[in-house]
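Using the sequences and the hints given, assemble the complete structure.
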Amino acid sequence: DRGNRIVSVFCYLSDVPPTAGGATHFPLLGLRFLPRRGCALLWYNQRVDGDMDGRVLHAGEPVSSEGDKWGMNIWMRERPAPSDIKLHPPGPSQSESPSTGNLKP
Numbered sequence: 009d010r011g012n013r014i015v016s017v018f019c020y021l022s023d024v025p026p027t028a029g030g031a032t033h034f035p036l037l038g039l040r041f042l043p044r045r046g047c048a049l050l051w052y053n054q055r056v057d058g059d060m061d062g063r064v065l066h067a068g069e070p071v072s073s074e075g076d077k078w079g080m081n082i083w084m085r086e087r088p089a090p091s092d093i094k095l096h097p098p099g100p101s102q103s104e105s106p107s108t109g110n111l112k113p
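In our numbering, the protein residues as written are 9 to 113.
Be aware that one or more of the hints could be misleading.
Unchecked claim - The calculated label-pair distances, taken between Cβ atoms and stated as ranges, are:
1. CYS47 to PRO70: 18 to 28 Å
2. MET84 to LEU39: 31 to 41 Å
3. PRO97 to ARG55: 37 to 47 Å
Just so you know, these hints were derived from the structure itself, not from any lab.
Built from N, CA and C at the ideal position, the CB exists for glycine as well.
Here it is, written out as structure tokens:
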């Protein structure tokens, strides 16, 4: 168990037209942020005393058919990942066969 999230960062990877929705909404704080490519939000999930800060409850609002929203989360947790986690390298290279369009190992 890596514990709770201490800090969250949400990076916007795409622009969304203002009329298309997709804002990140913090209802208990009365804040709403529109997606802008290259921008990021950072917030602390815990208070100074270590208790979770419920005020940072948030949600991504729906995006209309006018746009797409791409983003990336980065989380800092209370404890690091266990050292016994094994990272698996990618499998054997696969390439597309030009004659059939099928993948071959």
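Okay, the hints, checked on the actual structure:
At roughly 20 Å, the beta carbons of CYS47 and PRO70 sit within the given window of 18 to 28 Å. Between MET84 and LEU39 the Cβ separation comes to about 21 Å, which falls outside the hinted range of 31 to 41 Å. Here the CB-CB span from PRO97 to ARG55 is close to 40 Å, well matched to the stated 37 to 47 Å.
The structure is inconsistent with hint 2 alone, although it conforms to all the rest.
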